[in-house]
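Let's have the full structure, built from the sequences with the hints guiding it.
So the protein sequences, as listed, match chains A and B. Last residue of the first sequence: 434 (this note's numbering), numbering continuous. Last residue of the second sequence: 434 (this note's numbering), numbering continuous.
Please keep in mind that the hints were generated in silico from the structure rather than gathered at the bench. Ideal Cβ positions, reconstructed from N, Cα and C, are used throughout, including at glycine. Hints are supplied without guarantee of correctness; some may be wrong.
To be verified - Which residues of chain B face chain A? A few of them, derived with a C-beta cut under 7 Å, are:
1. M17
2. G31
3. V32
4. F316
Protein chains: 2
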Amino acid sequence: MRIEVLCTGDELLTGVVPDTNSPWFMARLLRLGERVSRTTVVGDDRAAIRDALGEIAERADVVLVSGGLGPTADDVTAEAAAEAAGVALVEDVATVARLRERYARRQLPLSPNVLRQARVPAGAEVGANDVGAAPFFALTLGRCRALFVPGVPAEYRHLVETQVLPRIERWRAPGSGAFSFRILKTIGLPEARLDEQVAPLSGRHPGVTFGFRVVPPESHLELLARGTTPEDAAAKLAAAEKDARAVLGECVFGADEDTLAHVVVSMLGARGETLTVAESCTGGLVAAALTDVAGASQVFPGGAITYGAALKTAFADVPAELIAAKGEVSAEVARSMAEGIRARTGTTWAIAVTGYAGPGGGDPREPVGAVHLAVAGPTGMWHERHHFIGDRERVRRFATGAALDLLRRRLHEREGER
Amino acid sequence: MRIEVLCTGDELLTGVVPDTNSPWFMARLLRLGERVSRTTVVGDDRAAIRDALGEIAERADVVLVSGGLGPTADDVTAEAAAEAAGVALVEDVATVARLRERYARRQLPLSPNVLRQARVPAGAEVGANDVGAAPFFALTLGRCRALFVPGVPAEYRHLVETQVLPRIERWRAPGSGAFSFRILKTIGLPEARLDEQVAPLSGRHPGVTFGFRVVPPESHLELLARGTTPEDAAAKLAAAEKDARAVLGECVFGADEDTLAHVVVSMLGARGETLTVAESCTGGLVAAALTDVAGASQVFPGGAITYGAALKTAFADVPAELIAAKGEVSAEVARSMAEGIRARTGTTWAIAVTGYAGPGGGDPREPVGAVHLAVAGPTGMWHERHHFIGDRERVRRFATGAALDLLRRRLHEREGER
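As structure tokens, this is what we get:
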């Protein structure tokens with residue numbers, strides 16, 4: 017099946033708004049074993065949309081068209097679609113009723129502009145939009161099925177999930193099989209090593225495609241299993257996942273929607289344990305990642321940004337003499353920060369980070385990119401030194417990931433001891 | 017001039033890598049008073065690239081083609097270009113010499129794959145790439161000028177700046193004039209208000225286009241002045257900018273590449289003053305924004321993440337009775353946090369943030385989205401209550417911006433008093 021994408025909107029051609037919809041659709045489609053062949057972006061221009069639709073219809077089996085279905089005068093996608101199909105625009109009765117009900121409920125006036133959204137090409141199959149005003153509609157252009165959704169990301173995703181993907185699954189050639197998909201997320205493993213460790217599995221799982229995606233500082237392994245039935249695909253996926261997990265071991269921190277911070281917060285929550293941080297070069301990024309997780313307050317009471325030497329002493333009780341003797345970026349100071357902040361806050365665990373993020377700073381022993389991490393916990397203290405390559409932003413991002421991961425691996429080990 | 021974009025690469029069709037190059041090029045092009053008419057993305061497929069090039073060449077005056085110029089077998093853009101032009105691929109002598117020199121300098125072996133990158137369509141005009149291996153080349157397809165650059169962002173941007181944009185400027189119709197561009201960045205002003213305040217200026221500056229771009233929580237005003245000469249364009253821009261700044265007042269925090277955190281750090285640095293933070297709902301985001309600025313340590317020694325009530329007392333000396341009486345999310349607690357952390361750290365200024373980011377929490381008086389901000393300084397204390405709409409991520413992002421901006425406006429006022 018040849019699938020294309022047509023995005024409409026002046027804002028996509030001026031760099032004002034990046035197109036986040038298409039990458040999301042493409043990733044979602046991969047899970048069905050399908051991919052996009054071509055993407056086209058045109059402005060809010062009726063002739064341009066009509067012409068692009070006509071060209072695509074000659075090549076593709078399916079085209080997903082987004083944007084230009086709203087209430088304003090520059091929303092011209094429905095008109096362009098009608099022209100491409102050689103039909104008139106007609107008012108869809110069900111959409112008019114839905115819009116009337118929607119606006120009455122919100123006590124908003126129903127202007128003629130709002131009702132413009134109910135006008136669709138004659139013969140189109142119309143679907144309701146539960147999260148917005150504009151409808152979904154499907155139209156046949158020659159041998160091509162064109163599916164129209166609004167460009168607003170929440171509406172786009174909802175309608176792709178509920179209207180577009182089910183249709184694509186249905187339209188697939190019989191015998192194209194069933195698919196099952198899983199992302200295994202790793203950290204601390206360069207992509208080349210991930211590839212090398214996973215390569216031997218390919219031969220053992222011929223029905224499974226192994227893909228890689230680098231989302232710094234993480235590397236993700238994507239498993240797509242193809243089977244004769246959903247059960248067959250799921251069984252093939254489970255076998256491949258088991259082998260992959262065995263090879264990758266504790267480098268796998270989660271799957272699918274998991275984030276590293278979410279995994280750490282969940283593990284701590286399940287154990288009834290708590291965490292604090294003392295951050296120097298990451299300057300709040302570890303705390304920000306943890307507090308990005310809703311409900312983090314159950315395990316994370318807070319911590320300190322000990323960016324300067326004086327605050328390392330004031331908030332984490334690092335002796336000023338230790339800093340003078342060993343330097344702010346040193347194993348000793350990282351350990352002392354973790355120990356000090358943990359004692360201060362009375363938490364089960366503490367993470368400490370100190371390093372040179374650059375571009376300035378650093379010394380021959382500890383150059384820019386050198387980061388010391390420490391984790392203090394109930395049964396001891398762990399330390400790691402990293403040397404991250406790249407600019408300030410990258411060093412800080414990798415240090416944040418490595419810090420959370422150092423704690424995760426300790427928690428994981430302790431799971432094993434139970 | 018009709019300009020199109022053709023991006024090649026399987027990774028752009030699977031959602032693995034978002035296309036950040038095109039939005040950057042489009043924004044850069046706007047500053048020349050030009051815009052992109054259509055964007056096409058195809059995979060690493062010779063026939064698909066060739067066909068797309070052929071179609072575009074019939075419509076466009078200029079096409080920027082990116083990706084597929086590297087050393088591996090799936091890099092087929094040069095071959096596709098040669099096919100589209102009906103010419104052979106030839107080895108470019110200057111590129112071979114540059115590659116030999118580049119690899120010798122790095123003491124890397126010069127494999128046949130590396131030399132593949134020197135093969136360009138016969139008749140192409142070749143330009144050197146100072147930041148990578150693959151060359152830039154330009155080719156005429158019918159009446160269309162096709163410009164080829166690698167997809168690696170650093171190389172893409174370098175070659176667009178040095179090879180592509182100068183050519184587009186040169187090829188413009190005589191009399192299309194000179195352009196001058198400026199972004200004025202505002203915060204605390206909804207887009208509709210910005211539009212309303214700026215609208216009257218349009219009539220007074222007919223040679224200047226006023227554009228808006230929302231980068232939450234900021235709104236940016238883009239001024240593009242068109243003149244007969246560069247001096248004329250610059251003068252028109254200066255006049256429009258002066259009027260816009262007069263209307264927008266202290267809502268303008270910076271221009272062009274400025275960031276809000278950078279402006280705050282610079283203002284503090286210029287005054288020899290310092291800042292600390294006590295963050296609750298933002299959980300490290302204010303500190304992370306400040307420490308994202310290289311050299312922030314000169315003005316920011318650090319601060320505290322006082323996420324739970326106990327740490328508000330332990331690190332910012334907020335009386336436990338005050339928290340019990342007024343609630344963690346209250347004007348009184350925000351003020352006390354700012355006062356306490358400022359006294360603890362001995363800094364000139366302190367920012368405090370406490371609120372409900374959601375999705376849980378909140379009470380009838382202070383629902384989810386309610387955020388109290390306080391700034392403590394040498395001449396007093398300032399407080400603001402905001403109610404941000406949206407999800408957890410949005411509330412935290414807006415609270416971070418508003419907190420930095422509350423301090424910026426106080427610093428700005430004091431500039432006036434000097």
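Evaluation of the provided hints:
1. M17: This hint is violated: B:M17 lies away from chain A, its Cβ roughly 14 Å from the closest one there, beyond 7 Å.
2. G31: 4 Å, holds
3. V32: At about 5 Å, which falls below the 7 Å cut-off, the nearest Cβ of chain A leaves the hint on B:V32 intact, so it holds.
4. F316: 6 Å, holds
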